[in-house]
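Use the sequences and the hints to build the structure in full.
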Amino acid sequence: MSKGINYEALANEELFALVQQHDHEAFATLYRRYDRRIYAYCLTVTKDKILANDAYQHTFASMYENRATFRGGNFEAWLFTIARNFSVRAVKKSKRRVSIDERDELVGGVEHNKGPDTLMREALVKAIASLPDNLRQPLELRYYGDCSYDEIARQFGFSLSVAKIRVFRAKKALRELLTPQSEMSK
Amino acid sequence: MKDDELLMKLLDGGLSTAEQRLLNERMASSADFGREVQELVQLEQSLRSEGDHAIHEFEPLRAQVERSIKSKIQSQSLSSAGAAGFSAGMGKLMTWAVAALTGSLAVWLAISWQPGEAPSDLAKQESVHEQIKAPEVPAPVPTPADPIAREAESAIFDGSDSAASAPVAVRPDGEAIVPVVEPDVVESDPVLATNEPAQEAEGQDTLPAQVVSPPPPSSERNARGSAPAPPNSLRQRYELEIRQLEEAMEESLRAGDVVKAAITETKIGRLQRDLRQIESSRRHLLHALAVFESGGHSSLAARAYGDLGLLEAESGDLPQALRYLERCIQIYDSLDSGEMGKWQRQLSTLQRQHASD
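Chains as they are written, first to last, in this note's numbering: chain W, 15 to 200; chain S, 1496 to 1852.
Check before you lean on any hint, since a few could be wrong.
What the hints assert, rightly or not - Heads up, simulated EDC-like pairs for lysine to aspartate or glutamate below, C-alpha to C-alpha not over 20 Å straight-line:
1) S:Lys-1565 - W:Glu-27
2) S:Lys-1565 - W:Asp-68
3) W:Lys-61 - S:Glu-1545
4) S:Lys-1565 - W:Asp-37
5) W:Lys-186 - S:Glu-1534
6) S:Lys-1567 - W:Glu-79
7) W:Lys-186 - S:Asp-1507
8) W:Lys-186 - S:Glu-1531
9) S:Lys-1565 - W:Glu-22
10) W:Lys-178 - S:Glu-1788
11) W:Lys-186 - S:Glu-1554
12) W:Lys-63 - S:Glu-1788
13) W:Lys-63 - S:Glu-1514
14) W:Lys-178 - S:Asp-1498
15) W:Lys-178 - S:Glu-1514
16) W:Lys-178 - S:Asp-1499
17) W:Lys-61 - S:Glu-1554
FYI, nobody ran anything at the bench for these hints, they're computed from the structure.
Now the structure itself:
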């Protein structure tokens, strides 16, 4: 807290008005509120950590650089729109080049150095990436973004119960993807 | 209680003792269910650990971005403070210089002007005197902190050359969109003819009949393709309607009915859109949207997004219009609402128009 302002008590729009006046404490507060959610959101759109990192950095840099273009209204919606645009752009750019994974595979792969935990994590990440968007996105916000069901519901514009059901269905779908068919039918 | 409900509660850590007992019973009676529970619990742990791992990996990036933007803010803050000081100093200097010049000229006029001079000369001198009385003070040098500079900065970021830093509108296929306004929508769709695509969506949320006018012929449309502002008599009726709605809104607020007030606000916003009062319309619609979103009124929020989309199309900001319409459709889709088709037509028409351009 500085200048006697309780930053945590301020609404997003009030904080951003202070950011527009170069208040770095207000920025830090907003950043803490959204960093994980924006990162998770970038991840849900890009399905790739490197691209998500890129989109995430651009989102916050752009939020500050373009502060004058914010016309009031819903700050959260504005911020997520920026994140979405940068994520889509990152995906588009990446399609123009051979991915690092593909290159690794071309030169013989790197699988032999990985332990069982790493392989299990990779299987989980791949399974998550293969889920349909309507299940994957709420799930990623829940676990990568540490979002409550309320926040997920607000983000996608559906009800709390729909948010819970989608996350649960995603988990059931993951179980099916990760469990060998022979085990499932036992 | 169904198995899935029990499982959801188990995974989210919300099982009561009775529910836990019920779950145990079901696990004991069905080996398959027991296995499913075990696997889902294991998966839950993996997901949490994966989430923690991702956040752990992300932490250095998080800290780096925060540091970099904070230092940018601090340097901006210092430079704007410096510029403001310079601007204030220059302002004082100019005021002093103008006052000194005014004084000198006044003295010169008092000495040189003689009564009885030709009227034309007198007129000239009066004119000079007028100029002295109201000297042109140069505008202060804009700094990033003042509204003029902000406006200029905003224009830069709204411009077409903003790809590197400004958010860009993209279609679902990832293609960038440039602003364009669709003229055919209003003509082809009778519901859209009044720019009110979802009037029948909510019984209480419709415009009063007397202010709804038929669309003007296409020849009256301006170069961008949007309908011209209503003629004066109609404009007066719109303005009267707006005043009445404003009173109704205040009454709702006094009664503590924030949602009703916001619904009225959307009506005001739509009327203002028809009157081309873009800024006021935007302000009302955004405010109403914030109320609907914070109260979880998804259907009303979707409609407000749609209205904002039409407003931005009207203002010529098509990328923003498309973003709003996409959000509107997304919400209606999640609600499985019949309204979605109407807005989808609107969106695809705008996109088609863009593609043809």
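To see whether the hints hold, each was checked on the structure:
no., hint, verdict
1, S:Lys-1565 - W:Glu-27, "18 Å, holds"
2, S:Lys-1565 - W:Asp-68, "18 Å, holds"
3, W:Lys-61 - S:Glu-1545, "15 Å, holds"
4, S:Lys-1565 - W:Asp-37, "9 Å, holds"
5, W:Lys-186 - S:Glu-1534, "10 Å, holds"
6, S:Lys-1567 - W:Glu-79, "9 Å, holds"
7, W:Lys-186 - S:Asp-1507, "14 Å, holds"
8, W:Lys-186 - S:Glu-1531, "9 Å, holds"
9, S:Lys-1565 - W:Glu-22, "17 Å, holds"
10, W:Lys-178 - S:Glu-1788, "19 Å, holds"
11, W:Lys-186 - S:Glu-1554, "30 Å, violated"
12, W:Lys-63 - S:Glu-1788, "30 Å, violated"
13, W:Lys-63 - S:Glu-1514, "39 Å, violated"
14, W:Lys-178 - S:Asp-1498, "15 Å, holds"
15, W:Lys-178 - S:Glu-1514, "18 Å, holds"
16, W:Lys-178 - S:Asp-1499, "11 Å, holds"
17, W:Lys-61 - S:Glu-1554, "19 Å, holds"
Hints 11, 12 and 13 from the list above are not met by this structure, while the remaining hints are.
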